[in-house]
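Asker: From the two separate chains plus the hints, produce the assembled complex.
From first to last, the protein sequence lines are chains A and B. Position one of the first sequence corresponds to residue 31 (this note's numbering), numbered consecutively onward. Position one of the second sequence corresponds to residue 12 (this note's numbering), numbered consecutively onward.
Only true hints are included.
Computed, partial: chain A to chain B, Cβ under 7 Å: (1) P440; (2) G441; (3) H459.
These are computed hints drawn from the structure, not numbers from a lab. Glycine included, each C-beta is placed from N, C-alpha and C at the ideal position.
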Amino acid sequence: MDYSIKIGGEAGQGIQTIGDTLAKVFSRAGYHVFTHQDYESRIRGGHNFFQIRFSQSPVMTSREKIDILIALDKESIQFHEKELSENGLIVYDSKSLKQSHGKEYFLDVPVEDLAVEHGGNKIMANTAATGAVLGMLGISMDILVMILKDTFKKKGEDVIAANIKTARAGYDFARHECKRCSFTAGEQKEPKLLISGVEAIALGAIASGCKFYTAYPMTPSTGIMNYLAGKGKEYGIVVEQAEDEIAAINMALGASFAGTRAMTGTSGGGFALMVEGLSLAAMTETPLVIALGQRPGPATGLPTRTEQGELLFSLHAGHGEFPRVILAPGTPEQAFFLTNKAFQISEKYQIPVFILFDQYIADMQCTFEGLDLNRIRFEDDRLRGDALNARSEYRRHAYTDSGISPLGVPGESVHLVVTDSDEHSEEGHIIEDAETRVKMVEKRLLRKLPLIQREISPPILYGSRSPEILIVGWGSTYGPMKEAVDVLSKRENIAMMHFSEVYPFPSIKEDPFSTPQGQEKREKEAENYLSLFHNAKQTICIEHNATGQFARLLKAESGYSCTTFIHRYDGRPFLLEELIGEIHAVIK
Amino acid sequence: MPSLNDYQGQTPAWCPGCGNFGILDALKRTLVGLGIEPHQVTIVSGIGQAGKLPHYLKCNTFNGLHGRTLPVATGIRLANHEMLVIAVAGDGDCYGEGGNHLLNAMRRNINVKLFVHNNQIYGLTKGQPSPTSMEGMVTKNQPFGVFSEQLNPMALAVALDCSFVARGFVGEKESLKELMKAAIVHKGFTLLDILQPCVTFNKINTYEWYGQRVYHVGSEFDPGDRIGAFKKALEWGDRIPIGIIYRNNRPILEEKIPVLQDKPLIKQSFDISKLETSLKEFY
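Extracted from the complex, chain B is given alone in its bound form (with noise of 0.2 Å):
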């Protein structure tokens, strides 16, 4: 069985405070509960903070350009479906810049496991607002506040039916950890949405902005329901969800494929000799 150790990667060069750190921690932690050796996962990751997560514990990984987490990790299940893909990103990285891509990742439900970690700001580039920054948010470049309206993931991800779609808040960790776990039991593709403070940059919302709002779904909501799920996604403000909003078991993208039923495709041979057959339709 794995341990904590065997996870250990180099030292962060987050903030001390990053809220990056607990996810870092709940993800360890996940991965050894689940029994999940390091050679086991392939983490893809982006550009931003969060795309340095897979440095800093020890597993495949692939840090790719900002935006383009999901094609690459995509690429990577279709050529081996028995690889657990996790791909990290933030939310500048994923609601902005790799958007298409997130759309289409949850159109084809690839089993793949997007977390976002969302802090509502552009942490690298130090402090430009994000597409789920607040609306009026005050940065240097939008001196009057940002104009356009809050990107919301959830009630996008419900919308298109994405097969998995939760939030965590990095402060509550316990839930965040049964979250991934979740998100990594469950077939299909999963977004789970991390709330994790900025404290350089994001002086609004802070560990005790998210504190006071966030509450659990709880046990009585039904995340089956989709039409429930959709009024629950659309709750921002005083009170934020956080848990499973959404699920449903649409049939992956992987399991459709007839050339993958047998084997992943890495483990298939290839024998030239066929291309005879396929050359006498050209006579």
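Only chain A is shown next, with the shape it has when bound in the complex (with noise of 0.2 Å):
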């Protein structure tokens, strides 16, 4: 069992709610599930979709073939017909669509009809529609019927009566109506845990002790503070929506000098209006952390979809010289454990730190067994009350062989916490003189990098230990690569390196004797990965963007240039086939 279902329609038709409560059904039944969102910069019409593949092995990414069509309107069925797989269905309802078809793959369902009938309403189509899918799967009522409590608990029983009866409805017809319904869903199992890459990163700050989160709205990220602002009374966060980018790292940056956790979220374009504060955390060594979910640009772009375009320029951003963090998770577990590192390193070395994402992962919903929160790492380093107070004196800015400055907490204590964006004394005031400046220089930044270097795991190697084919990415592209080395290896010797921490880059060792050998497939860290690009015959380095920044840096840091590259640029992720097609194409 692999199916894709893909419910099409205008913005405002409920596409999200019809997919969003689908998903939900699959993972509780312990199948695994992956959804992604296609949808234009409008609030009402234009074309969006929403794709759900489930399965009973684990996936990753979407699928180019659809089992069911969800049309709510006509331009789905004009757009994504082609797409049926061979036993596929299209379910449409031809009174609201005022159209009617007759090929047989085509399922009339009059939801519209069905709603008033069974619920009263015709506001409840949805719920209809939803249910129609589920007699068409042969997947019971149950988890629909507790998720639509759940869903309508503040409504009324009333409320809730009415939509089960009428996604019963749905349930019966096609039941009873879809003679060509072949579907067979696998055998039920422990629920699953279905998330979203935003979700994912609002959970690992709120894991990582974040009290403090401000941004100004911007697709993709602003399901980070969407998420935050929900949870903020439960967990004690702030959740201030700033005036503008410059504000929100500010703002950010106020507060952790206070003494809290801070985070700030937003996309490219904002992120160029804060760059002078990422200046002035580095001057500062105010820790920050800064979700940087990457849209097609220059400027506008496209803005609600997908991109690899920001690595360099969060890379290179910021005047002056610094040291900085940037990790680039590739699922929403990554995402989580991930922002937790983040929050981790920033406030031990006192650092700006990337959460680097994309369109395609902040939307994306993952199905993980769970997120263990044995592995969350929360040590405090800020030096507070009375262990500040027993000091005979403090120095925020105070020379030490690893560079690393007690990070004092002011108010708490008799001491005084000065800091200053212009070069200044280990006391936090301005200087000018030559000898300070080169020693300061040498505090902030150079004793500092060889430590935070250690703190970088190496790429993880997925597939053959001693590839011939090596597909290398990084970020989001993580699923589709995974899933592209599973199909590809029943006939090439192939592994992907996928890199999830990508500055400072993973250390180098070059020990081509110590590779592994075998076709082992699991996941495994390769420290030595550059023997690795070495011995293959072909290095693919696939990246959403146009002009390879990825292998760029690869070429920087190690001085390896991939052989083959595969640069998507039109704003979509890849669909499974899609980047087999792709890779297909360049082997040689």
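Answerer: In structure tokens:
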């Protein structure tokens, strides 16, 4: 079983509601689920879709072929009919679409009539459609009934009962009328956790003790603010919508200086405004986590779509020289744990740390068995209250062997905490002399760099342990690349090398003799990754940008040039078959 | 009790006769007079001659970027609302580069004390006009005189219902101290615009020029009357009012945020075990 469902229609028709509900039914049924969305930058109209794939094996990307298309408008049929699989079906309501289709793979479900008849209101048409899909798949209504009870809890028993009745009507209709339905849903298992990228980042921030989040709304990062604002009271988090991104980063720095873990989030255009603040974070050595959600540029670009175009921007942004860390999660699960790592590293070394994600991973939903909170690290590196007071003296920017000065919390002791965007003394006051300047650059930058470098994990190797073909990528291409290796390894000696911690570049240990041998396919951290590059016949770097930013970083840091490149810059993520096709086309 | 000596900082690098000296002295005396210890106050400053002030007295200091004092001050207050937070900025810093932050600080009514050193000129960059420079002022960059109309910060603040709006003059030290004290004691965002001559670059708005024009609003004036305050705020030219122009009792942002009702953010503990409950919502 490996089915894909696509819900298409205009913005405002409820695509997201049907999609979210079905995805939740499948994940609660214990299936592996992957969803992704494609939407336009508008609130009403246009063409949008929500795609769900579910299977009994892990799924991490969307596929090209659709088994059930729920068409809420005519365009959905026009655009997606050709994507139907051999036994695929199109669900539509001839009355509301004002058109009829005679072909055998169309199933006319009168969802509006069913909603009026059984629920008393055509607003429940989407509930009927959801029920109909479950009827087609032969998945029992039990889980959907539970979800409807949760969803409409606040609206009262009558609304719940009407929705359940309507869903069942859709379900029964499909059971009786869908003569061509040949779907067999697999055995159900324990419920799985279904989470999106932005939710995972927000939860990672909560798990890391983040108490202050400030941002200016910008797709695709706004979901982080939405989630944290909803949980603010429960977890003691202040969420402040700033007047602009400049204010956002400066507020976060103020809160961090005052003694609390703080974070901001934005996309490329907003980050462009934050850049002077990034440099300020570095000079004042104020810990800061920045969630930077990439979308296609330049300028406003394609606001609701995906790209990996800000790697070199985030790497080089900010005037002056200073240390930074860039983490680029490949899955929502990685996003959760890397957000935690971002807070730990940021506070330990008093530096800015990026979570570099994109629209694709922001909106994708993935199932996991769970998120193990025992893997969360929380060490408070700030010097507070009595511990600070007990010191005979305190200098915010004191010289140390590690370059890390004690991070005092102002107001909690008699010691003063002073910092400055000017070059400063150990006490934090403005200086002009050359000797102090040199010592401060050594302290702030050069001494910290090797220590930060040691925090960075090597890339993940998946597939053959001695690959002839190595596909290379970073960030959100993890899922499509991994599944492509699964398919291609049947006839090729192939592996994936995926980087989710991209800067500082993972340490390079070149030792070809320790290359692990064999065809074992599970994931492994590849410390000696450079030898794998050199030993492969072909290395294909796959990126969602036009110029191969990661390949250039790899070359700059390691001297290694990939042999082949796949660049996609149409704002859309790779579907599995598309990526396999692209790889096929370049394999020599 | 703190003494003036406790607030003794580094030797200022301002020009001899600079109006900033008077502001520095008045601020030290005000803080000592209120019995505030240096570690109980954080001064946030930007860039410009005013931005150097916190280095010349002793307190917690975040000397940030040009125009960005208010967002940093806002972040500090939201993280620790038991801290007295004073934002110090120049006229270019606050009314030019940081204009949007000023509007929104007034709207939020964050309990930050903003003291603007208004010398109607850019000192640090050597004599360019600022938003408060008078129309027609000739500078190296404006050989035909400043074309733009002078910004009126008092009228702007009254229009935005700023919680506390006042103007002081560094030549009137006693009243300046009283205004600083009133601003610090007031609950709400305060804008105290302080007229201070730039002896090097502003040859128009001198001690003498201000001295001939400023007058105290007087005890009959009612700063609670917004319409009257707006009329007063519009006065500029031959007579320039100093004193509290406008005052209201709007609730402060910190009081509106439920999370901050019990204690400051920085004193709130964190319990990861609660997260298990939130994770259940994803099943």
